[in-house]
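Chains as they are written, first to last, in our numbering: chain X, 1 to 333; chain G, 334 to 600.
Incorrect hints may appear among the rest.
Computed far set for chain G versus chain X, every beta-carbon distance over 10 Å [what the hints assert, rightly or not]:
hint	residue
1	G462
2	K496
3	I539
4	D546
5	T551
6	G583
7	E584
8	L590
9	S595
The following label-pair restraints were derived from C-beta to C-beta distances [to be verified]:
hint	chain 1	residue 1	chain 2	residue 2	range
10	X	E50	G	P540	54 to 64 Å
11	G	A444	X	T191	25 to 35 Å
12	X	T191	G	P540	48 to 58 Å
13	X	S131	G	T566	14 to 24 Å
14	X	S154	G	E446	30 to 40 Å
15	G	N596	X	T191	26 to 36 Å
16	X	S186	G	V576	55 to 65 Å
17	X	S195	G	T543	31 to 41 Å
18	X	T191	G	S449	33 to 43 Å
In case anyone wonders, no lab produced these hints; they're calculated from the structure.
Built from N, CA and C at the ideal position, the CB exists for glycine as well.
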Amino acid sequence: MSEYKNFWVFIESQNGEAKNASLELLSPGKKLADAAGEKLVAVVLGSQVEAAVKAAISYGADEVIKVDSAEYADYSTEGYTYALEQLVNKYKPATILIGATGKGRDLAPRLAGRLKTGLVADCTGLDIDASTGTVLWTRPVYGGKSMASIEIPSARPQIGTVRQGVFKRGEPDTGRSADIIGENISIPAGTIRTSVVEKIAEAAEGAVKLEEADVIVSGGRGLGKPENFSLVKDLADVLGGVVGASRAAVDAGWISHVHQVGQTGKTVGPKLYIACGISGAIQHLAGMSGSDVIIAINRDCDAPIFDIADYGIVGDIKEVLPALTEAIKKLKA
Amino acid sequence: MNILVCIKQVPDIEQIKIDTSKNVMLIEGVPTIVNTFDTYALETAVKVKDADPATKVYVVTMGPEKAKEALKSCLSVGADKAYLVSDSVLADSDTLATSYVLGSAVKAIEASEALSFDLILCGKQAVDGDTAQVGSQLAEYLNYPQITSALEIALDGGKVRAKRETEEGNEVMEAALPAVVTITKTAYEPRYASVKTKMAANRAQIPLLTAADLALDTALVGLNGSAAKVVKTFVPERKKGGVKIQEETGELAADKLTALLSNAGVI
Ligand SMILES: Cc1cc2nc3c(=O)[nH]c(=O)nc-3n(C[C@H](O)[C@H](O)[C@H](O)COP(=O)(O)OP(=O)(O)OC[C@H]3O[C@@H](n4cnc5c(N)ncnc54)[C@H](O)[C@@H]3O)c2cc1C
Ligand SMILES: Nc1ncnc2c1ncn2[C@@H]1O[C@H](COP(=O)(O)O)[C@@H](O)[C@H]1O
Numbered sequence: 001m002s003e004y005k006n007f008w009v010f011i012e013s014q015n016g017e018a019k020n021a022s023l024e025l026l027s028p029g030k031k032l033a034d035a036a037g038e039k040l041v042a043v044v045l046g047s048q049v050e051a052a053v054k055a056a057i058s059y060g061a062d063e064v065i066k067v068d069s070a071e072y073a074d075y076s077t078e079g080y081t082y083a084l085e086q087l088v089n090k091y092k093p094a095t096i097l098i099g100a101t102g103k104g105r106d107l108a109p110r111l112a113g114r115l116k117t118g119l120v121a122d123c124t125g126l127d128i129d130a131s132t133g134t135v136l137w138t139r140p141v142y143g144g145k146s147m148a149s150i151e152i153p154s155a156r157p158q159i160g161t162v163r164q165g166v167f168k169r170g171e172p173d174t175g176r177s178a179d180i181i182g183e184n185i186s187i188p189a190g191t192i193r194t195s196v197v198e199k200i201a202e203a204a205e206g207a208v209k210l211e212e213a214d215v216i217v218s219g220g221r222g223l224g225k226p227e228n229f230s231l232v233k234d235l236a237d238v239l240g241g242v243v244g245a246s247r248a249a250v251d252a253g254w255i256s257h258v259h260q261v262g263q264t265g266k267t268v269g270p271k272l273y274i275a276c277g278i279s280g281a282i283q284h285l286a287g288m289s290g291s292d293v294i295i296a297i298n299r300d301c302d303a304p305i306f307d308i309a310d311y312g313i314v315g316d317i318k319e320v321l322p323a324l325t326e327a328i329k330k331l332k333a
Numbered sequence: 334m335n336i337l338v339c340i341k342q343v344p345d346i347e348q349i350k351i352d353t354s355k356n357v358m359l360i361e362g363v364p365t366i367v368n369t370f371d372t373y374a375l376e377t378a379v380k381v382k383d384a385d386p387a388t389k390v391y392v393v394t395m396g397p398e399k400a401k402e403a404l405k406s407c408l409s410v411g412a413d414k415a416y417l418v419s420d421s422v423l424a425d426s427d428t429l430a431t432s433y434v435l436g437s438a439v440k441a442i443e444a445s446e447a448l449s450f451d452l453i454l455c456g457k458q459a460v461d462g463d464t465a466q467v468g469s470q471l472a473e474y475l476n477y478p479q480i481t482s483a484l485e486i487a488l489d490g491g492k493v494r495a496k497r498e499t500e501e502g503n504e505v506m507e508a509a510l511p512a513v514v515t516i517t518k519t520a521y522e523p524r525y526a527s528v529k530t531k532m533a534a535n536r537a538q539i540p541l542l543t544a545a546d547l548a549l550d551t552a553l554v555g556l557n558g559s560a561a562k563v564v565k566t567f568v569p570e571r572k573k574g575g576v577k578i579q580e581e582t583g584e585l586a587a588d589k590l591t592a593l594l595s596n597a598g599v600i
């Protein structure tokens, strides 16, 4: 076990750019690494990842391990697991942090299974247990009704996926420098047994970065009809935010699934979350209860969403939303 | 086509109440259900059987004796045969240990039924732990390809083709069989049992597999054999007394909220 050391942050990249979900792990990673007296290493795997490497250094990596090859341009579970397995066997990290993105949660269990080690999913808290020196991972269970703190006492590396938005990205320091170790890892033929045959891109909407937004205004079934999403959009616009939705609104066909927040949608943690005409089912709460400030607008004063809201307006969204948009416009003018 | 669906019995989390005075979860007596996502996985398998009656659908769970109820519920909605993996040494297994047990069970069931599974379906996640790990780890144990978060599947020519959810929209992925596919909330709802299918399910024999039957290395299962261990659970502090605004008009309510937000520095 003692031959394993250093904290790794896996840097997920898309078109060579690092994902926010990865960069925001560098600052808590640094704290943990310092507490353990170890190095913080960013592991960048992808194709043409110069920008991702630079970003990782500016956000605090002490060292970068880089695997840069066209073979990794597209994510595949088996290809990425293979590469990381090789790196882990060579460098023996004590801890690996992975952003709990769709890809992160597809990759991490496969990797942990390959390495026969422990994995903690979708963590919202990271600490070092002072008595043992291992990482204390805290995460919601039972749809967020309870929390569990988990340790991986002896298997190494200890791996966790970390919920997006829990840790805020610090300020980048573009003057920092760090050693960059390049590794060439070629995926053996036959390793990857899956292929993507079609991408059903959600056009311009595909750009909604709910996970990275500071402000989200979400609409639910209470909007009554798809046209009323324009009221939600207007409020989001004055606040510089993006539009989210409940599953009921998505299932009704009012808005695309890429906007959905919750257990089968995105997990978000913005500074401000405004739920409009959303009742607050546990599957919705599971995706947004970690938001800093929650506002609910609902005409039913007993709607469960009010139980977790910091501010609530009991009223009809058709009246309240335009008024709120105007009031905030005035305030900002 | 032989399909195995891995199911888990879980408490109905929507019915779990919190005792706010003691800040504890009241889980005693909460009814158990088949994990919601597993019901979608089972329905997905049974739909394959609808289209191709030569298909056999098996279900397996690792759990206490009581989990037989969950298996019976699966038998009543289209599963052909169920297996229970149960042994006191398996309690508190983490996902790595669970996938080792389930993987061993796959081999044992294949041997006793003299078949091999073309496809193994899991739910995307179990709603008690919400980890979404066992499917991938089972695929790894068996050395099969995996497709996670599938909305629907089609089988042809030794391949499974699945439409799956990603953060950027849906995509269609193909994998060579045998494969493990995890199923998210589907557009279709699971079918209901009838009185007749329920009675048949009640009479069904459910073979039991113990740790010894699976020739498990007991050092790799249960609490002691698990890499990850829960050290404590706690109910998070609830936000108390959020401000509720109720006014005559939307304008008044909006103005009041805006003032509060501005004072609190939120906007
Ligand atoms: C396996 C599974 C996974 C799921 N995953 C998700 C998920 O990821 N995300 C998710 O959101 N849900 C999910 N759900 C669905 C979830 O259980 C709820 O059904 C859903 O969240 C309800 O959406 P809603 O709040 O918009 O609708 P409703 O529950 O119908 O609530 C509508 C609300 O609008 C209010 N309202 C109505 N009219 C007005 C008005 N004019 N002005 C103001 N308020 C009004 C009503 O009082 C009500 O509270 C999932 C369910 C399952 C079974
Ligand atoms: N004890 C178990 N027995 C059978 N299948 C399980 C068990 N635990 C998990 N699974 C399967 O793995 C999926 C994901 O579970 P989890 O990783 O616990 O979220 C579930 O939806 C089930 O299909």
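Okay, the hints, checked on the actual structure:
1. The non-interface label for G462 of chain G is inconsistent with chain X: the shortest C-beta to C-beta separation is roughly 6 Å, within 10 Å.
2. The claim that K496 of chain G lies off the interface is violated: its Cβ sits roughly 8 Å from the closest Cβ of chain X, which falls inside the 10 Å cut-off.
3. No Cβ of chain X comes within 10 Å of the Cβ of I539 of chain G; the nearest lies about 27 Å off, and the non-interface call holds.
4. With 10 Å as the threshold on Cβ separation, the claim that D546 of chain G sits away from chain X holds: the shortest Cβ distance comes to roughly 23 Å.
5. Every Cβ of chain X is farther than 10 Å from the Cβ of T551 of chain G; the closest lies at roughly 16 Å, confirming the non-interface assignment.
6. Consistency note on G583 of chain G: stated as away from chain X, yet its beta-carbon is not over 10 Å from all of that chain's, at 3 Å minimum.
7. Distance check on E584 of chain G: its Cβ comes as close as 5 Å (rounded) to a Cβ of chain X, failing to clear the 10 Å threshold; non-interface status is violated.
8. Residue-level check failed: L590 of chain G sits 6 Å from the nearest beta carbon of chain X, not beyond 10 Å.
9. Its closest Cβ contact with chain X, about 6 Å, brings S595 of chain G to no more than 10 Å, contrary to its assignment away from the interface.
10. The beta-carbon spacing between E50 of chain X and P540 of chain G, approximately 57 Å, falls within the hinted interval of 54 to 64 Å.
11. The hinted range of 25 to 35 Å is satisfied by A444 of chain G and T191 of chain X, whose Cβ atoms lie roughly 28 Å apart.
12. Separated by about 36 Å at the C-beta atoms, T191 of chain X and P540 of chain G break the suggested range of 48 to 58 Å.
13. Judged by the Cβ atoms, the range 14 to 24 Å given for S131 of chain X and T566 of chain G holds: they are separated by roughly 19 Å.
14. Between S154 of chain X and E446 of chain G the beta carbons are some 37 Å apart, a value that agrees with the proposed interval 30 to 40 Å.
15. Between N596 of chain G and T191 of chain X the beta carbon distance is about 58 Å. The supplied range of 26 to 36 Å is therefore violated.
16. Checked against the given bound of 55 to 65 Å, the beta carbons of S186 of chain X and V576 of chain G, roughly 59 Å apart, stay inside it.
17. A hinted range of 31 to 41 Å for the beta carbons of S195 of chain X and T543 of chain G is consistent with their spacing of about 40 Å.
18. Distance hint for T191 of chain X and S449 of chain G: a CB-CB separation of about 22 Å, inconsistent with the stated range 33 to 43 Å.
Of the numbered hints listed earlier, those contradicted by the structure are 1, 2, 6, 7, 8, 9, 12, 15, 18.
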